[in-house]
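Trainee: Below are the chains, spelled out letter by letter.
There are 2 protein chains.
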Amino acid sequence: MPKNNFDQLGYQSSITARLWRFLVGKPLPVSRAAHEQITAPEGLAAMSLDAITSVAYGPQAIVYELAIAGTAALVYLRDITFAIVILLVLLVTSYIQVIAAYPQGGGAYAVAKENLPWYLSWLAGASLIVDYVLTVSVSIAAGIAAISSAFPQLQPYTLYLCLAMLGMITLLNLRGVGESARAFLLPTMIFIGSVLLVIALGFVHPTYPHSLGLRPSFTGSIKMVSPLLLLKAFSAGCSALTGVEAIANGVPLFKEPRQSRARNTEIALGAILGVMLLGLAQLGTNFHVVPSNNQTILSQIMQASVGRSWLYYLASLSTTIVLGLAANTSFGGLPVLLSLLARDNLVPHIFSVRGDRLVFSYGVVVVAILSAALLIGANGNTNALIPLFAIGVFIGFTLCQTGLVIHWLKTKKGSWWLVRAFLNAAGAFATGVATLIFLFTKFTSGAWLVAVAIPTLIAMFMYINRYYRRVADALGLGKLPPLPHKSKVLVVVAATDISLLTVNALSYAFSLGSQVYAVTVRFNDEDASRIERLWEQWSPGVQLTVLRSQYHSLVRPIVHYIKTLESTHSPDTKILLLIPEISPKHIWQKLLHNHMGLIIASQVQKNTNALVARLPMPV
Amino acid sequence: MPKNNFDQLGYQSSITARLWRFLVGKPLPVSRAAHEQITAPEGLAAMSLDAITSVAYGPQAIVYELAIAGTAALVYLRDITFAIVILLVLLVTSYIQVIAAYPQGGGAYAVAKENLPWYLSWLAGASLIVDYVLTVSVSIAAGIAAISSAFPQLQPYTLYLCLAMLGMITLLNLRGVGESARAFLLPTMIFIGSVLLVIALGFVHPTYPHSLGLRPSFTGSIKMVSPLLLLKAFSAGCSALTGVEAIANGVPLFKEPRQSRARNTEIALGAILGVMLLGLAQLGTNFHVVPSNNQTILSQIMQASVGRSWLYYLASLSTTIVLGLAANTSFGGLPVLLSLLARDNLVPHIFSVRGDRLVFSYGVVVVAILSAALLIGANGNTNALIPLFAIGVFIGFTLCQTGLVIHWLKTKKGSWWLVRAFLNAAGAFATGVATLIFLFTKFTSGAWLVAVAIPTLIAMFMYINRYYRRVADALGLGKLPPLPHKSKVLVVVAATDISLLTVNALSYAFSLGSQVYAVTVRFNDEDASRIERLWEQWSPGVQLTVLRSQYHSLVRPIVHYIKTLESTHSPDTKILLLIPEISPKHIWQKLLHNHMGLIIASQVQKNTNALVARLPMPV
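Quick note, the sequences are listed as chains H and L, same order.
Residue 6 is where the first sequence starts when you use the working numbering, and the numbers rise one by one after that.
Residue 6 is where the second sequence starts when you use the working numbering, and the numbers rise one by one after that.
This is chain H alone, in the form it adopts within the complex (with noise of 0.2 Å):
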């Protein structure tokens, strides 16, 4: 038996499908799809990526905003900071107590699922597709930023940069590396303890301390400043929040005792990033900070503070592999959910099919084509993107939170439930509020394509769930089927000449069946008593009957002639049509037959009740 001769989908007989193997690699075997075990540390590099790498992208968009007001309205962004670490401290308390609520990992669509009405886990099913989607462009494209901001004759690439990076996670991903948490512990740690550093020997040595700002100062009026201005900063800076909630999804990732080393994590992770989005908010006032384009808020700052050092290279390519791998985490969730959804017959079930290298690659190639499109959409900058996200995670807070609550109240679970209700009841109105703050503030800059988006997939989950009950039901599934049952088989053969290949069709007609016919179609007369004088000659043991067409068409005479055999049948009587085909070895020389055998078959099958198989013959 030739090596993967059997391969899926014939791959081996191209040049592109060994390509393809060798980008993807070869199939893996069932077994292999054990779960790594991971720890307190590793859970961070695994899961909190998301998070922690969103200071690339949160506090500057806090910046664009106000600076639209002027200068001179970013005297707030310490302010809107301090707002969003309180949220953050409201989330990761949230989230802790949905560790100990679902420790087989509860993400928002199976909390939302368990607890609350079936529209609502519809709803975050299809808040956390907008958000997978987001958080891989939203990285990609802050991960770039950030390398463009440190080699500037990088910038007239950035699109091409962010479509290249993204195809190198996707073929990952097909690959099916997404997983190994260890590989990206070195990097996390990396870029955790090099941002951190930076910010320590920003506040105590700073290299540049006043080369930034157009001002010397934050002076001039600031009465222009409206309260919108100050919600809608607010509303772009929550995007440092996303990816709070994956941990709590992980937990069956972890070693035992799982529920406290999610915990710890989930608290790591809440310190850490409030630490740097607080600090660099200062910072960011002490540098005088304005929006750019050539460099990014992040590194203004650090570039402000170590100068262009060492220090500042090793940060910037960090911050730009790290987001590459939040990118990749990301990418691996929405395939993961597409096949939950799939198993709940919300999206196709091709989503819930596992491919060779046990990857749900079809989930995969959907994550790329999406973010593909956004990145082109939006030239490969992060600041376009940013109005579009954060609305989806905060769907997904509000609803996880939400299902909490009346989880809570439905098991009165441990001594404290009543106060786990009250915090997640709190977290709920929280990301609740700041939900509708986001798509009213942000409506005409973006948030209305995710206000398009989300009823578009609920309406899509609802007509495919229709499709496959009626499914269900035609197919009697959940029940046993009544027994099969023997009825008379006539099985005719399409035959065009007197060959081998019509030899071939008939004897596997009288194998098959003991009423057997054989039609031909003829378009003149002489044609037609040719082939029925030389079939009387050889008399195969059936009757020829020539069909007279017409029209220059082989299928009409065909289709008609099994719809009359089933009118003058009883319904139960079963046809079979036997289309004897050449199968030529090379897939071109297929360009030298004719596809009638193709076209009758599809044809006979659309219009009559008949089965219809092509019998094959190799030349």
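Incorrect hints may appear among the rest.
Identical copies go unnamed one by one, so any copy, or any two together, can satisfy a pair.
To be verified - Straight line, CA to CA, 25 Å or less: simulated SDA-like cross-link-like pairs of lysine to any residue:
hint	residue 1	residue 2
1	K595	I374
2	K493	G546
3	K415	M465
4	K493	W543
5	K484	L539
6	K595	V371
7	K568	V624
8	K568	E537
9	K260	V524
10	K568	N614
11	K493	S297
12	K590	I463
13	K417	L428
14	K418	L121
15	K595	H354
In short, the hints are calculated from the structure, not lab data.
With chain H's structure known, arrange chain L on it following the hints.
Mentor: Okay, now just chain L, sitting in the frame of chain H:
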């Protein structure tokens, strides 16, 4: 029965399909294929357009070639035209012999096939293909040049106009109105009449006799005109002779007495073309025409003769129309040639399949694509196409005449056979020499493309012919095959679950064969024992074999299972694999099902000898 329901390609279901039907029309019954019977003037319109309209580019080709050596060289225009007209007389005489010898219509391919070795008939076939495509391209380019000489504001859009004209002609040919000679009569007569009138007025009473030349007369050194240049000009001008053979190909289309009508038409064609060519050459010399980017030579001569009068516009417009009709005629010719070649197993058989408008649709599409490629390559410029032109035609002339010589020598038919043989030999010699002149003088300016295309086509013929011969051997075509025989059939049902789908497939299996097997593939033990338990409970009368998949593939285990069945039974045993499938009503609902049935079917057919039938169940 809904109208059009059994349409060959299932057009009726989509908007594209309806648009297509609107453009090409409804299917026609076979009985409509009867030919029209035409008179001599109608024959001129239907079959001589290519030849007569070549006055629009032939003289121009000479002028452009001579002008390379300076305008003084244009003094040779008359002499070269005279030589060409002598060749014309020789050709017309030769083709009158063809009409006498092949009243059933003797194209170069038919004549060569009957009288010459196979490789020469293949050469004739290949040359004709090239010839037809070039005639279409040159006629369209010249037609657009004629109209944009009259309306210079059209010049920037030359290529687009060419492609639009090509598109229109393609559609007309897909509708199959290519042969309505009567419709062509009026424009052809207007064209001939108006051009002859313009020429006559040009001699008698020219409007602007001195308006054109850059120099008042052809003075200056003409020593620079080498014999090579004269040969080049001659070969360029021979493009005016293309199409002379068409009448001989179409003898069966004439009313009785066919041969004399065809002969009269051929003589009329020779006379009209000869007079036009000589007249235009003399007027061109009188008016001192020179190459121009804005105006064709024909347009210059007409303008000098009658000014921008209504007669000028009538002649220009009819030139464009008649060139379009000429392109249309050649367009109809290639598909017919391809269908002949397909019957001789030299090109894919699909070219001999008539579409439901009774035209050889595949051939029409091939001409359209090749002509479009040439027009785009030449940017819609007639002069760029001329060097490629005429080679194919003259190879055809030479082979046809040579075949005729053999024909006369073999048959010795009629009292004049020796004279006829001599005339054809003279024609063969002259056109053979002309072919060599073209090839050598035009090689670098484009003829190399033809010199590559023709051998490539012949190599293709050879490959295809060998393949079809092998297939015919494999099928035992041409002799009565052995009688079919009955043998044992094992029916295997590939079940995915226990459902009505499975019941349906098992019912078929029990009806078709005495030995029925049911198999299913499972990826884990839990799932495997669940279905085993259920199956036992159901006990439909057949054991279920649960195949465990080590890789995440349904295909490998099934292929392996069938191979095992094959190896444990006698080679005469037939195996039928039934794959039950859900068949949704709408095509987009197919997205909601995985297509494992299709993949399993194709892999089982590729790797085993089993017959596969996919059993659709509508939901």
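Trainee: What label fits K595 with I374 when the C-alpha limit is 25 Å: within, between, both, or neither?
Mentor: Answer is between; shortest inter-copy Cα gap is 21 Å, intra-copy 33 Å.
Trainee: Between copies, within a copy, both or neither: which fits K568 and V624 at Cα up to 25 Å?
Mentor: between (33 Å within a copy, 21 Å between copies)
Trainee: Within a copy, between copies, both or neither: where do K493 and G546 come within 25 Å Cα-Cα?
Mentor: both (20 Å within a copy, 18 Å between copies)
Trainee: State whether the alpha carbon distance between K418 and L121 is at most 25 Å within one copy, between copies, both, or neither.
Mentor: Answer is within; shortest intra-copy Cα gap is 18 Å, inter-copy 99 Å.
Trainee: Tell me, please, which holds for K590 and I463 at an alpha-carbon limit of 25 Å: within, between, both or neither?
Mentor: between (47 Å within a copy, 23 Å between copies)
Trainee: I want to check one pair: K595 and V371. Are their C-alpha atoms no more than 25 Å apart within a copy, between two copies, both, or neither?
Mentor: For K595 and V371, only the inter-copy Cα distance (17 Å) is at most 25 Å; the intra-copy one is 32 Å.
Trainee: Please sort K568 with E537 into within, between, both or neither, judging by C-alpha distance up to 25 Å.
Mentor: Close inside one copy (23 Å), not across copies (39 Å); limit 25 Å.
Trainee: Is it within, between, both, or neither for K595 and H354, if the alpha carbons may be no more than 25 Å apart?
Mentor: Cα proximity of K595 and H354: across copies only (11 Å, versus 32 Å in one copy).
Trainee: First find the shortest C-alpha distance between K417 and L428 inside one copy, then the shortest across copies, and answer within, between, both or neither for a cut-off of 25 Å.
Mentor: Close inside one copy (14 Å), not across copies (112 Å); limit 25 Å.
Trainee: Should K493 paired with S297 be assigned to within, between, both, or neither, using CA atoms and 25 Å as the limit?
Mentor: Result: close neither inside a copy nor across copies, 80 Å intra and 80 Å inter.
Trainee: Given identical chains, is K568 near N614, meaning Cα to Cα at most 25 Å, within a copy, between copies, both, or neither?
Mentor: within (9 Å within a copy, 30 Å between copies)
Trainee: Go through the copies and call it for K484 and L539: within, between, both or neither, with a Cα cutoff of 25 Å.
Mentor: Close across copies (10 Å), not inside one copy (54 Å); limit 25 Å.
Hints 3, 9, 11 from the list above are not met by this structure, while the remaining hints are.
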